[in-house]
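**Student:** Below, each chain spelled out in residue letters.
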Amino acid sequence: MSGNKAQLEERQPNANTLLPPSRVRTIMKSSMDTGLITNEVLFLMTKCTEMFVQHLAREAHAKHGGGDTLKYEQLSQLVNKEKNLEFLLQIVPEKIRVYQFKEMLRLNRSRDGDDDDDDDDDDDSGSGSESEE
Amino acid sequence: MVERIEDLNLPNTVIARLIKESLPDSANVSKEARAAIARAASVFAIFVTSSSTALAHKQNHKTITAKDILQTLAELDFESFVPSLTQDLEAYRKMVKDKKESKANKKEASTNDNANASEAVVEEATE
Numbered sequence: 001m002s003g004n005k006a007q008l009e010e011r012q013p014n015a016n017t018l019l020p021p022s023r024v025r026t027i028m029k030s031s032m033d034t035g036l037i038t039n040e041v042l043f044l045m046t047k048c049t050e051m052f053v054q055h056l057a058r059e060a061h062a063k064h065g066g067g068d069t070l071k072y073e074q075l076s077q078l079v080n081k082e083k084n085l086e087f088l089l090q091i092v093p094e095k096i097r098v099y100q101f102k103e104m105l106r107l108n109r110s111r112d113g114d115d116d117d118d119d120d121d122d123d124d125s126g127s128g129s130e131s132e133e
Numbered sequence: 001m002v003e004r005i006e007d008l009n010l011p012n013t014v015i016a017r018l019i020k021e022s023l024p025d026s027a028n029v030s031k032e033a034r035a036a037i038a039r040a041a042s043v044f045a046i047f048v049t050s051s052s053t054a055l056a057h058k059q060n061h062k063t064i065t066a067k068d069i070l071q072t073l074a075e076l077d078f079e080s081f082v083p084s085l086t087q088d089l090e091a092y093r094k095m096v097k098d099k100k101e102s103k104a105n106k107k108e109a110s111t112n113d114n115a116n117a118s119e120a121v122v123e124e125a126t127e
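As you go down the protein sequences, you meet chains G and W in turn. Its first residue numbered 1, the first sequence is counted upward by one per residue in full-length UniProt numbering. Its first residue numbered 1, the second sequence is counted upward by one per residue in full-length UniProt numbering.
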């Protein structure tokens with residue numbers, strides 16, 4: 001996080017926003033009973049969402065391989081690693097291959113006898129398994 | 001309030017521009033990465049809003065303030081955003097104040113002099 005301090009210091013204070021505040025207001029309103037939203041709060045939220053977008057892109061690119069193209073995998077790796085991005089785990093999940101998924105199911109099934117605490121997974125694997133004959 | 005789920009999406013072009021600005025000039029962004037960042041940004045806004053609302057309610061305030069948001073960001077481990085945002089907020093407050101003052105000045109001018117007033121109106125329209 002402190003790695004991009006230099007970049008942050010170069011930044012000039014800016015009273016303009018790129019993202020449309022009206023859309024940000026809609027998003028804010030969708031969350032709980034947000035009362036009145038003042039223009040100042042709306043500005044700040046728009047601005048910090050913009051900063052978040054850039055933070056995400058910069059960190060994913062810098063910390064996970066760089067390269068010419070920012071790829072989804074770099075983002076999901078970042079989300080998986082950084083504690084303050086935990087809230088995105090279900091939004092930007094790591095991709096897995098079908099064979100890896102099958103392997104997970106198989107492991108789950110072989111653990112079957114020992115513990116009961118993942119009933120749901122077992123049910124899934126039951127319905128997901130193809131008829132082997 | 002939100003009629004369609006797309007109403008929560010942020011515009012792709014702006015997101016693409018923001019991402020480009022933060023990467024080296026030569027870098028590209030895959031479509032999938034851009035879409036994921038756009039989704040993440042919406043969720044981030046909701047996350048910060050609900051956390052700030054909770055913070056405001058805890059202090060028996062009904063509406064959230066700029067201070068609530070800054071404090072929430074620090075609590076959510078985004079304190080690196082706070083200094084820049086504080087500066088931006090100051091710039092924003094100054095802009096709003098300047099706008100108000102220049103409007104007041106124009107009004108004053110218009111009561112003093114009718115010719116000036118029509119000029120001010122033209123100016124305002126072209127802004």
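Just to be clear, a hint being listed does not mean it is correct.
Said to hold, decoys possible - Below are the EDC-like pairs computed for lysine to aspartate or glutamate, each with C-alpha atoms no more than 16 Å apart in a straight line:
no.: 1; chain 1: G; residue 1: Lys29; chain 2: W; residue 2: Glu6
no.: 2; chain 1: W; residue 1: Lys67; chain 2: G; residue 2: Glu40
no.: 3; chain 1: W; residue 1: Lys62; chain 2: G; residue 2: Glu94
no.: 4; chain 1: G; residue 1: Lys81; chain 2: W; residue 2: Asp7
no.: 5; chain 1: W; residue 1: Lys67; chain 2: W; residue 2: Glu79
no.: 6; chain 1: G; residue 1: Lys63; chain 2: G; residue 2: Glu73
no.: 7; chain 1: G; residue 1: Lys63; chain 2: G; residue 2: Glu82
no.: 8; chain 1: W; residue 1: Lys97; chain 2: G; residue 2: Glu73
no.: 9; chain 1: W; residue 1: Lys31; chain 2: G; residue 2: Asp68
no.: 10; chain 1: G; residue 1: Lys71; chain 2: G; residue 2: Glu94
no.: 11; chain 1: W; residue 1: Lys20; chain 2: G; residue 2: Asp68
no.: 12; chain 1: G; residue 1: Lys83; chain 2: W; residue 2: Asp77
no.: 13; chain 1: W; residue 1: Lys58; chain 2: W; residue 2: Glu75
no.: 14; chain 1: G; residue 1: Lys29; chain 2: W; residue 2: Asp77
no.: 15; chain 1: W; residue 1: Lys100; chain 2: G; residue 2: Asp33
no.: 16; chain 1: G; residue 1: Lys95; chain 2: G; residue 2: Asp68
Keep in mind the hints are simulated off the structure, nothing from the lab.
**Student:** Hint compliance check: list the failing hint numbers for this structure, sorted ascending.
**Tutor:** Violated hints (numbers, rising): 3, 4, 8, 14, 15, 16; every other hint is consistent with the structure.
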